[in-house]
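Just so you know, the protein sequences line up as chains A and G, in that order.
Each residue of the first sequence is one higher than the one before, counting from 1 in the working numbering.
Each residue of the second sequence is one higher than the one before, counting from 1 in the working numbering.
Since the hints were made in silico from the structure, they are not lab data.
Note that the coordinates shown come from a computational prediction; the quantities given were computed from them, not determined experimentally.
Cβ coordinates follow ideal geometry from the N, Cα and C atoms, glycine included.
Certain hints may be false.
Unchecked claim - For each label pair, taking beta carbons as the anchor points, the in silico distance ranges come out as:
id : chain 1 : residue 1 : chain 2 : residue 2 : range
1  : A       : N225      : G       : T304      : 39 to 47 Å
2  : G       : K22       : A       : K172      : 33 to 41 Å
3  : G       : H75       : A       : P336      : 47 to 55 Å
4  : A       : S22       : G       : P319      : 25 to 33 Å
5  : A       : S169      : G       : K22       : 47 to 55 Å
6  : A       : E343      : G       : T279      : 57 to 65 Å
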Amino acid sequence: MGLSDVSNAARTGLNAAKANISTTGHNIANANTEGFSRQRIHQEAIAPRKTTIKGDYIGRGVNFQPPERINDEYIEKQVRGGARDLAHFEEKGLSLQHVEDIFNEMNGDGLNRLMSRLFNEFRKLSNDPNSQAVRESVREASKSVVNDFKRVHKELEESAHHIDSRITSHIKEVNELASQIAELNSRIRVNEISKNVTADLNDQRDVALKKLMQLTDITTTLDENDTVNVAIRGAGPLVTGVTAEKLHVDRTKENSEGKIENALDIYADYKPAPLTNKMTGGKIGALLQVRDETISGAMKRLDELAFNLTRSINQIHRQGFTRNGAQGVNFFKDLPDAHRASEFLEISDQVLNSSDNIAAAAQANSPGDNRISIAISGLQGLRLMDEGKTTFDDFYNGIVSDVGVLKSSNNASLNQQRNINTQLTKMRDQVSGVSMDEETANLLQFQHAYDASAKVIQVAEKMLDSILEIMK
Amino acid sequence: MRVTENTNFNIVRDSINRTKGKMEDLQMQAATQKKLNAPGDDPAGAARVLEVRTDKMNNDQFQVNGRMAETFLNHSDHVLSELSEIILRAKEIAISQSSAASATSESRLGVAEEVSQLYQQAIGLANKKIGDRFIFGGFKIDQAPVDSDGRYQGDDGQAMVEISRDVFVGMNVPGIEVFNTNPQGSEDGRQLYGVSEGNRALTSDGLEIPQNFSDNSNVFDEIQALRISLLTSDIEGTRNTLDRLDRLYNHVVSTRSKIGSRVNGIQNTFQALERHNLTNSQMSSNIEDADMVQVMSDLNKEETVFRNALSSSRRLIQPTLMDFLK
Numbered sequence: 001m002g003l004s005d006v007s008n009a010a011r012t013g014l015n016a017a018k019a020n021i022s023t024t025g026h027n028i029a030n031a032n033t034e035g036f037s038r039q040r041i042h043q044e045a046i047a048p049r050k051t052t053i054k055g056d057y058i059g060r061g062v063n064f065q066p067p068e069r070i071n072d073e074y075i076e077k078q079v080r081g082g083a084r085d086l087a088h089f090e091e092k093g094l095s096l097q098h099v100e101d102i103f104n105e106m107n108g109d110g111l112n113r114l115m116s117r118l119f120n121e122f123r124k125l126s127n128d129p130n131s132q133a134v135r136e137s138v139r140e141a142s143k144s145v146v147n148d149f150k151r152v153h154k155e156l157e158e159s160a161h162h163i164d165s166r167i168t169s170h171i172k173e174v175n176e177l178a179s180q181i182a183e184l185n186s187r188i189r190v191n192e193i194s195k196n197v198t199a200d201l202n203d204q205r206d207v208a209l210k211k212l213m214q215l216t217d218i219t220t221t222l223d224e225n226d227t228v229n230v231a232i233r234g235a236g237p238l239v240t241g242v243t244a245e246k247l248h249v250d251r252t253k254e255n256s257e258g259k260i261e262n263a264l265d266i267y268a269d270y271k272p273a274p275l276t277n278k279m280t281g282g283k284i285g286a287l288l289q290v291r292d293e294t295i296s297g298a299m300k301r302l303d304e305l306a307f308n309l310t311r312s313i314n315q316i317h318r319q320g321f322t323r324n325g326a327q328g329v330n331f332f333k334d335l336p337d338a339h340r341a342s343e344f345l346e347i348s349d350q351v352l353n354s355s356d357n358i359a360a361a362a363q364a365n366s367p368g369d370n371r372i373s374i375a376i377s378g379l380q381g382l383r384l385m386d387e388g389k390t391t392f393d394d395f396y397n398g399i400v401s402d403v404g405v406l407k408s409s410n411n412a413s414l415n416q417q418r419n420i421n422t423q424l425t426k427m428r429d430q431v432s433g434v435s436m437d438e439e440t441a442n443l444l445q446f447q448h449a450y451d452a453s454a455k456v457i458q459v460a461e462k463m464l465d466s467i468l469e470i471m472k
Numbered sequence: 001m002r003v004t005e006n007t008n009f010n011i012v013r014d015s016i017n018r019t020k021g022k023m024e025d026l027q028m029q030a031a032t033q034k035k036l037n038a039p040g041d042d043p044a045g046a047a048r049v050l051e052v053r054t055d056k057m058n059n060d061q062f063q064v065n066g067r068m069a070e071t072f073l074n075h076s077d078h079v080l081s082e083l084s085e086i087i088l089r090a091k092e093i094a095i096s097q098s099s100a101a102s103a104t105s106e107s108r109l110g111v112a113e114e115v116s117q118l119y120q121q122a123i124g125l126a127n128k129k130i131g132d133r134f135i136f137g138g139f140k141i142d143q144a145p146v147d148s149d150g151r152y153q154g155d156d157g158q159a160m161v162e163i164s165r166d167v168f169v170g171m172n173v174p175g176i177e178v179f180n181t182n183p184q185g186s187e188d189g190r191q192l193y194g195v196s197e198g199n200r201a202l203t204s205d206g207l208e209i210p211q212n213f214s215d216n217s218n219v220f221d222e223i224q225a226l227r228i229s230l231l232t233s234d235i236e237g238t239r240n241t242l243d244r245l246d247r248l249y250n251h252v253v254s255t256r257s258k259i260g261s262r263v264n265g266i267q268n269t270f271q272a273l274e275r276h277n278l279t280n281s282q283m284s285s286n287i288e289d290a291d292m293v294q295v296m297s298d299l300n301k302e303e304t305v306f307r308n309a310l311s312s313s314r315r316l317i318q319p320t321l322m323d324f325l326k
């Protein structure tokens, strides 16, 4: 064993200390990097070898591995799941807020009040069937009802369009993230083959996976080459090895499984059938749920209400006689069916032309006859919706209350998920987070180790000098 | 257990956000004085509130209807009381002129003039209006119910008015039913009801009239008959009108009492609606309105929590190891 061995051992100590210090520096610099996992150097002593003929085994210093990240894959998965659910509830909450606002007449006006007004105007007409002023008031009230049906329909459509544009931008993001993950897969594979450090690349890939999970529910599988394969749960593959599939959106006219007409469908480039119904989690899933269940359902029910209201009032009105003695006049324009009824709802031309064409009487030349207007106002209490189970008012109130239920239960889920996520983040932080105090302490520790190793080299040098002195 | 700076900062951020969220909600309640500002705040409550609003609108309209019907019926009642006075006067004249003792042909001629006046007044009463609406013409409210010969030109329409959910009251009395003791059997009635001799007649309530159905007295015809009897000094004729005038008087009185009971019904219903409205508004207030005392005290509490969160975060965030290594 020679002095060089001493220097060598000390030199490995210096290197190890340096590596530790720069890793500590790396940790501190990245303390606030999203998804960063703290890194540690794993040291192990270099095996001793026989030094002298006598056979002393002296250690030869320290070896260290490339920094590895302290990371628990199981916790990462849970954090991703929590992020997905939180994103889902948040996105749903935003969209439901839009829909709730459309139906909110707690502090204002809406179809509930306007429909009541319509029926009560007919009651006023029953009191004074011959008065032109009252007739015009009935027509005004009907116009308000028609306008509000249209307003709600239009606002629901706009809400659906807004959702569509959000879906489009989310799908773009999905494509970007997918190609990012594929690229990272490739770089990690290359780096591993050449035994380079991949810790930071792994972190970046985890971040991309988490963002992707927030958009839609994905399944990930890690294979033995440290490559992550991503698939959209229930829909199809997204990233296989180093290839990323592409998704696109398209507008189809047909009403596939409850979707609103002319709304967007999501497609994968590699197959013709749409993926829309299969993407259920994350932000995209939330948007699709609100669009294809909540909004679509509300529009259908609104249309049913408009259609039944029109048909019932017309049926009675046609049996009545106008002020001029004509019979068979429609009050609203006749609608063929409930499809888009709330959009096409209109007062009939005859009534728009003259309020005299409103039929209050059950026989001709009967100016004080109010039997038809009484029958029309009586429709308010009849159960003409839901196949004879619900009144018009209750049916509409049901739509409003159902939207309210969705919103309030989503709020509850959102708050609960926030709490869960806080816990999950804490758990992950506990394992992978950077603690400044800990890193500072490590810094000191490794600095001392460095100093000590440097001292050893100094001593070894002095020892060499001593020997060389002897030679003089 | 490792605790990192991120955890600390997250805790601070979290509690601040949470408290602020609650305070914002409470401030909204304080501003609108309502705890129900959107259907999502209380979905079942929201539906109930909407129901109650519809109920109130309907009830208000029912009350308006009731008041209008009441006005109409009261007015009809006044007119009929004047009519009954006329019939009474006619009766007095008939009595005094049918006894040979107090009457002479001269006196009869003089009184006939007064009877003529009574006739005109009766026609006038029959053609009374409220606004521009004739009250005794049934559905034919735009033309005089009775012409100058006392012939009825209206119909038998009953304008029903809803004074409470599914409760209707007739707000008028068709002249044909008041001016004739037996409407179906009257001359005017034959045209109106399309009933011919030999048919069983029904009253407007749907009950069968069993007796000799052409036995009718018409108030205008009777007064005319009295006048003619006086002019022609027909004592026998004058005496005959007494019986029929009597029946007419009773008929008007009974019509007035029918009107009276309708008005009673309207008033009772009105009271019931008032009580109903009160109950409804209490229920809706319970659901909708915020208890301001509760809101204010909650706001104070949250403010305290907020302050505490902020001050404790100071302790959590500040010292690091760096401060102590110099």
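Cross-check of the supplied hints:
Against the hinted window of 39 to 47 Å, the Cβ-Cβ separation of N225 (chain A) and T304 (chain G) comes to about 57 Å, which falls outside the hint. In this structure the supplied range 33 to 41 Å holds for K22 (chain G) paired with K172 (chain A), their Cβ-Cβ distance being about 37 Å. In this structure the hint that H75 (chain G) and P336 (chain A) lie 47 to 55 Å apart at CB holds, the actual value being about 49 Å. Between S22 (chain A) and P319 (chain G) the Cβ separation comes to about 26 Å, which falls inside the hinted range of 25 to 33 Å.
Judged by the Cβ atoms, the range 47 to 55 Å given for S169 (chain A) and K22 (chain G) is violated: they are separated by roughly 32 Å. Take E343 (chain A) and T279 (chain G): their Cβ atoms lie about 39 Å apart, and the range 57 to 65 Å is violated.
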